[in-house]
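Now for the letters of each chain:
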Amino acid sequence: MPHESAPVPLHTRRTHFDPADDLRRLTADGPVTRVSLAPGAGGEPLWLVTGHEEVRRVLGDHTRFSTRRRFGSREPAGGDGERPDEGVGLLMDYDPPEHTRLRKMLTPEFTVRRMRRLQPRIEAIVAERLDIMERAGHPADLAELFASAIPGPVLCELIGVPRDDRDDFLRRCHAHLATGRGRQERTAAGSAFTRYLAALVARQRKNPDDGFLGMLVRDHGGDFTDKELRGICVLLMLAGLDNISGMLGLGALALLESPDQLALVRDDPAALDRAVEELLRYLSVPHAPTPRTAVEDITLGGRLIRAGDTVVCSIPLANRDPHLTADPDRLDLTREPVPHVAFGHGIHHCIGAALARMELRIAYTALLRRFPGLRLAVPAQDVAFRVRSTAYGVERLPVTW
Amino acid sequence: MEVHVDRGRCAGSGLCMSYVPAVFDQSEDDGKVLLKAARPEPGTAAAVRGAAARCPAGAITLSGRDAPGGTDTRGR
Ligand code: SF4
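Order-wise, the sequence lines are chains Z and X.
Taken in order, the first sequence gives residues 1 to 401; the numbers are from my numbering.
Taken in order, the second sequence gives residues 1 to 76; the numbers are from my numbering.
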């Protein structure tokens with residue numbers, strides 16, 4: 001985790017909804033540039049890919065751009081009991097054939113139809129959060145009461161965490177993710193989280209229900225180690241918390257700043273589908289997928305990338321590439337959907353994309369229905385943004401209705 | 001136009017099915033794409049081209065009349 005006082009890495013810098021000027025300026029040097037993401041802070045120079053086409057080329061070529069980390073503790077680490085949980089099951093760090101093996105077993109659990117089965121539960125979770133917000137009265141912080149409060153319970157629903165355990169589970173999860181991402185010693189909260197997951201997995205092994213873990217155990221029980229099942233739960237939390245809360249908070253802000261566009265989508269579910277795609281593109285909350293390592297010398301965007309070089313793909317710049325769509329810096333909720341890379345591309349394309357799309361659709365719709373007069377309670381330039389996270393978002397979003 | 005899908009490449013996003021349900025389906029067994037109509041109605045051609053361009057795995061290719069050159073309809 002970056003230290004509070006360390007400079008914000010270049011590829012995560014934003015100004016309101018836009019990539020920051022110093023980041024955007026790089027595109028003048030072509031779609032692939034050599035930069036240091038944390039200048040002066042020991043940041044090694046690496047390749048930053050900013051063109052849409054080039055990003056798709058990198059992410060679509062897993063044989064030449066590996067996601068296996070060259071450094072750090074991701075490699076299998078001997079037979080001791082505690083540490084190897086680190087990184088196990090985190091699909092985004094795996095290359096084939098390990099990636100193929102795990103992904104093949106997981107994909108059927110994330111089909112559009114299976115996700116639709118979760119729909120009533122997600123609707124109930126969203127309604128409950130809106131009740132809480134309504135009771136709290138205005139002005140209310142939409143970031144805290146809505147955007148950050150929805151993804152956790154939804155993931156618990158997906159994984160099959162019993163209702164009574166959820167608050168505890170999510171508290172431990174947050175503590176674990178906040179400290180455990182680098183390597184470091186596990187905090188007490190981190191190991192408590194792992195212990196809880198172990199108990200959950202053991203229960204499902206013995207008595208599988210028809211939730212996600214239960215199905216995995218029933219269909220592929222022997223093919224997964226317990227450690228992998230725990231790791232997959234961690235992966236879902238890692239991928240599903242900040243990204244969704246970022247989209248919910250920033251998306252709400254974007255809609256509130258364009259009342260006429262908001263009116264277009266408020267009452268028309270078909271228009272909302274399209275609007276969600278455009279919000280995903282325009283807001284691009286994940287800054288970058290897992291860095292890739294070039295496996296051999298490759299020419300990309302006119303630059304020679306050497307074997308062993310690190311390659312980082314900028315999602316916000318790729319999604320604002322004028323080659324992708326006309327007038328890319330304009331939020332146009334009626335825009336014909338374009339092949340944006342907000343969910344990545346290639347074999348690591350977000351496995352939860354169908355869930356994310358549905359969750360966003362449900363949450364935006366319910367929010368606009370419940371509070372038709374929703375508006376910002378502070379000037380737009382006073383909104384506090386979340387700058388230190390793998391996904392961009394709002395820190396606080398005071399609203400009234 | 002003729003539609004081809006490479007199930008080996010498919011990342012199981014279900015995007016194509018959501019986009020053109022008359023032509024694509026998603027298998028309940030492995031989550032991957034199923035082709036319902038290899039020669040779709042001419043009226044769906046634009047939507048099918050859109051699905052091919054948006055497929056995150058490049059698993060959909062088109063050939064024949066009104067197919068774009070390769071899978072990439074964005075023309076760079
Ligand atoms: S859009 Fe592509 S990756 Fe997604 S299900 Fe269809 S063929 Fe597979």
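Hints were generated in silico from the structure; no laboratory data involved.
Where hints are given, some of them may not hold.
[Unchecked claim] Which stretches of chain X does chain Z cover? Using the computed rule of at least three CB atoms under 8 Å from a CB of chain Z, they are: (1) 2 to 13; (2) 35 to 45; (3) 56 to 68.
[Unchecked claim] Using C-beta positions, here's what the derived DEER-type ranges look like: (4) Z:Glu98 / X:Asp29: 28 to 38 Å; (5) X:Asp30 / Z:Thr400: 28 to 38 Å; (6) X:Ala37 / Z:His323: 50 to 60 Å; (7) X:Asp30 / Z:Asp268: 30 to 40 Å.
[Said to hold, decoys possible] Which chain Z residues face chain X? A few, computed with CB under 8 Å, are given here: (8) Thr293; (9) His349; (10) Leu374.
The C-beta atom is built at its ideal place from N, Cα and C for all residues, glycine as well.
Hints and how they fare:
Coverage of a stretch by a chain is defined here by at least three residues with a beta carbon nearer than 8 Å to that chain's beta carbons; for the region 2 to 13 of chain X and chain Z the count is 3, and the condition holds. Given a C-beta distance limit of less than 8 Å, the hint that chain Z covers the region 35 to 45 of chain X is violated, as 0 residues qualify and 3 are needed. With 3 residues having a beta carbon nearer than 8 Å to a beta carbon of chain Z, the region 56 to 68 of chain X meets the requirement of three or more and the stated coverage holds. Between glutamate 98 of chain Z and aspartate 29 of chain X the beta carbons are some 22 Å apart, a value that contradicts the proposed interval 28 to 38 Å.
Taking 28 to 38 Å as the suggested C-beta distance range, the pair aspartate 30 of chain X and threonine 400 of chain Z does not conform, at roughly 48 Å. Taking the beta carbon of each, alanine 37 of chain X and histidine 323 of chain Z are about 31 Å apart, not inside 50 to 60 Å as hinted. The hinted range of 30 to 40 Å is satisfied by aspartate 30 of chain X and aspartate 268 of chain Z, whose Cβ atoms lie roughly 34 Å apart. Interface restraint check for threonine 293 of chain Z: the shortest CB-CB distance to chain X comes to about 21 Å, outside 8 Å, so the restraint is violated.
For the restraint placing histidine 349 of chain Z at the interface with chain X, the shortest Cβ-Cβ distance is roughly 4 Å, inside the 8 Å limit, so the hint holds. Restraint check, leucine 374 of chain Z versus chain X: the minimum CB separation of about 28 Å is more than 8 Å; hint violated.
Against the hints set out earlier in the document, violations occur for numbers 2, 4, 5, 6, 8, 10.
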